[in-house]
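Chain residues, written in single-letter form:
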Amino acid sequence: MMANKKAVRPGYNYAFLDEQTKKEIRRRILKAVAIPGYQVPFASRELPIAQGWGTGGLQLTLALVGPDDVVKVIDQGSDDVVNAVNIRRLLLQTTGVKTTENTDAASLIQTRHRIPEERLGDWQTLVFQVPYPEPLRRVEPSEVKTREMHAEADYSRLWVYLYEDIVRWREITVGAQYPVLVNKRYVMDPSPIPRWDVPKLHMAANLNLFGAGREKRIYAVPPYTRVQPLEFEDHPFRVESFEGKSCAVCGSTGSFLDELLDNHTGARRYTCSDTAYCAKRLLSEKRHGQRPTRRTDGGD
Amino acid sequence: MGGIELSGLNIADTFSGLQGNPVPDEPLLRVRGLTRIYGRGCAECVVRTGPEAGSNICPICASIVACAGVSFDLYAGEMMGVVGESGSGKSTLVQCLYFDHTSSAGEAYLKSYRGGAVNMLGSSAQEQRHIRHHLMGMVYQNPHQGLRLDCTAGGNIAEKLLTAGFFHVGRIRERASELLRRTEVPMERMDHLPRHFSGGMQQRVQIAKALANNPPLVFLDEVTTGLDVSVQARVLDLIRHLHRELGLAMLVVSHNLDVIRLLTDYTLVMKSGRVVEAGLTDQILGDPQHPYTQLLVSSLL
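As they're listed, the protein sequences go chains B and S.
Take any residue in the first sequence, count from 1 to its spot, add 960: that is its number in the working numbering.
Take any residue in the second sequence, count from 1 to its spot, add 397: that is its number in the working numbering.
These aren't lab readings, by the way, just hints derived from the structure by calculation.
All values reported here derive from a predicted model rather than from experimental measurement.
Among these hints, one or two may not hold up.
[To be verified] Over the 12 Å line for every Cβ pair with chain B, so calculated as not near, a few chain S residues:
{"hint": "1", "residue": "Glu441"}
{"hint": "2", "residue": "Pro456"}
{"hint": "3", "residue": "Ser483"}
{"hint": "4", "residue": "Gly512"}
{"hint": "5", "residue": "Gly513"}
{"hint": "6", "residue": "Gly519"}
{"hint": "7", "residue": "Glu581"}
{"hint": "8", "residue": "Leu659"}
{"hint": "9", "residue": "Asp684"}
{"hint": "10", "residue": "His687"}
[As the list claims (entries may be wrong)] So the derived label-pair ranges between C-beta atoms look like this:
{"hint": "11", "chain 1": "B", "residue 1": "Glu1108", "chain 2": "S", "residue 2": "Ala440", "range": "29 to 35 Å"}
{"hint": "12", "chain 1": "B", "residue 1": "Thr1133", "chain 2": "S", "residue 2": "Asp634", "range": "40 to 46 Å"}
{"hint": "13", "chain 1": "B", "residue 1": "Arg1097", "chain 2": "S", "residue 2": "Gln542", "range": "20 to 26 Å"}
{"hint": "14", "chain 1": "S", "residue 1": "Gly512", "chain 2": "B", "residue 2": "Ala1010", "range": "58 to 64 Å"}
{"hint": "15", "chain 1": "S", "residue 1": "Ser521", "chain 2": "B", "residue 2": "Arg1128", "range": "34 to 40 Å"}
[Stated by the list, open to error] Covered by chain S, per the in silico footprint, the following chain B stretches (three or more residues, Cβ under 8 Å):
{"hint": "16", "stretch": "1112-1126"}
{"hint": "17", "stretch": "1186-1199"}
Positions of the beta carbon are idealized from the N, C-alpha and C atoms, including for glycine.
Pulled out of the complex, with its shape left as it was, chain B reads as follows (with noise of 0.2 Å):
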C-alpha cells in the first residue's frame, strides 16, 4: 500500500539501499537497542548526498522504512530547510511514502540537531544525524584508547575535562552535544542538540536511534531508559533560559527559541525553532477565533 505510487523513481531498489546492506543495519540497530548507548560500527554505504550531510540517520531510515510509515524530515527543527527537503525528495522517490510535517502524525522521523517539541509517544521512532559519535574524542583522540574507556567505564577524564571548565569559566561552558550518561553504564553524545533537547531523552516513551554515516557508528536510546546529564553535585546542568522572551510568530514561552538579528534595524527576534510546533499553534489560535499573536517588533 504504497501512498504516492507515482512519485516513485523507476530503476531503484524500494528505499535505495540493497536487501542485505538494510538488513544488515537492522542487525545492527537491534545490537544498539539492546546495549543502550553502545557504539555500534556499521559498514555505511555511500548514498547520493554527501557523508557530513545526514548519510548516518538516512541509512537508519532507509533501513526502517516500510510503506505505511508516514514520515517526517527536520533540520534545527525546520521541515523547510535545504537539507530537509531533498531528503524528504529522496525518501518520497525511493519508496513513495506519505510524508508529514505534523509531528503527531510521523511514525518515523528524521532529525539534524533538534527533538520536536511535542512529546513523542512509543509508536514513534526518532532518527537522529550525528556527525561525532564518540563523546570521549574532545579529550582522547585515539579510538583504540577510547574504546578501551568504554569498556572499562573510565570516564575521569571528560569528568576532568568538565571541572576545568567550571574552573576557568565557573560552569560548564558545552552548549550543544552535552554529554550523558545511558543507562547508568556508557557515556554517550547525544548529537549537537541544544542542553534543552536533552532532558526530553531521559525516560522517553519513543525509540532514539542515532547514526553516524561518516564515522560509521549506530547507537540507540531504547524507550524508557535512564538519560542522565553529566553534572557535578554543586553545580547541577541547567538548559538554556529564555527568561522574559517569547516567539514572534506565535507568542511561545515554553520551546526553544532561536535569535534572528535584522540586518537594518539591528533588532533581536525570537522564533521557534520547532516551525511545525509554531505553526500547530499559530493555527489553532486562528480557529478559536483569536487574533494571530501580536508581533513583538516593527521588523520585517
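Please build the complex by placing chain S on the supplied structure of chain B, with the hints as guidance.
Below, chain S without anything else, positioned relative to chain B:
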C-alpha cells in the same frame, strides 16, 4: 562493575594515618616469583640468564628477561628499597606491580584487595584499574608519565578523586588544595598547567596526585633522578615527612644508594633481573655479602 565496590572517601579521614608503625601481622604486599620476559621466550630463558650468566638476554631465543623470580613481603608502614644498576629490572618490577606492564609469571597479593586472597596480577583490567586508583599510588621518574601536563595541577588531582566517585567541585578543590599544601606547592599554582612548573614542583604535584585517594601503598620510581641536589633534598625530606605522618608503605626504586640509605628500612639488591641480596638496609650497606653488592657499596664515594 565486576564486583568492585567503589569506596567513598571521607574527608575527615584524610591524613589521619597511622602514628608510628604498628607491629604488622601479615604483609601488606606479598610478591612471589614475579617474572617479566620481553620477547617470545623459551624454556631456557630463565635458566640461561641472570647474574651468573652476566646478562639478561637469553642466548637461545634472544628474549630479554627483565626480571625473574622476584619475591618479597612488604609490611604496612614499611619503606623498602630496590637498588641496582640501570637495566637490572627495578623499574620493570614496580611497573608490573602497578599494572603498567603485564607480568609473564608470578603472583602478587595485596592485603587490602579481597583480603589478600586473590592474585591481583591475574585480575581483570577493570579490577586492576580499581586497585591502581584506590589502593596504590605511583610516582614516576619522569613527571610526563604520571601527570597530564595539559591539565591543571588541580585537575590532575581531581582525576584521581573523580575516579573514586567524588562529584563535588567544591570538595574536590578543598582536597586538592590540602594535598598541594602538604606537598609544598603554592596554592596560587593550583589552576596552572604543570607544563610550566619546575622539575621539583612537577614532582611534588605528582606526589600529591599519588596520595589523592589515601592509598596504603605508594611506589616511588627514581623520584629524585634528574633533580638538582638541593631540590632532591627537599623532595626526599617531603617523602620522609609524609611517610612518618601517614604511615604509608612505600617501595622506593633507586640506583642511588644515598637515597636508599636515607629512606628505607629494608633493601633488595637487583642485578640482571634477579634479586641477589635482600636484608636490612644498614646491614646491606655495612656488610654486603654478594660480590655485586660489595662492588656497589665500594663504588660509593
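Status of each hint after checking the structure:
1. Glu441: Non-interface label stands for Glu441(S): nearest chain B Cβ at 35 Å, farther than 12 Å.
2. Pro456: Since the minimum Cβ distance to chain B is about 36 Å, Pro456(S) lies beyond 12 Å and the statement holds.
3. Ser483: Holds, since 30 Å exceeds 12 Å.
4. Gly512: Holds: least Cβ distance 24 Å, greater than 12 Å.
5. Gly513: For Gly513(S), whose nearest Cβ neighbour in chain B is about 24 Å away, the distance exceeds 12 Å, so it holds.
6. Gly519: holds (17 Å)
7. Glu581: holds (22 Å)
8. Leu659: Leu659(S) is indeed farther than 12 Å from all Cβ atoms of chain B, at 34 Å.
9. Asp684: The claim holds: Asp684(S) sits with its nearest Cβ about 48 Å from chain B, beyond 12 Å.
10. His687: holds (42 Å)
11. Glu1108(B) <-> Ala440(S): 29 to 35 Å: holds (33 Å)
12. Thr1133(B) <-> Asp634(S): 40 to 46 Å: holds (41 Å)
13. Arg1097(B) <-> Gln542(S): 20 to 26 Å: Check passed, 23 Å falls within 20 to 26 Å.
14. Gly512(S) <-> Ala1010(B): 58 to 64 Å: holds (59 Å)
15. Ser521(S) <-> Arg1128(B): 34 to 40 Å: Given about 36 Å between the Cβ atoms, the range holds.
16. 1112-1126: holds (count 10)
17. 1186-1199: holds (count 5)
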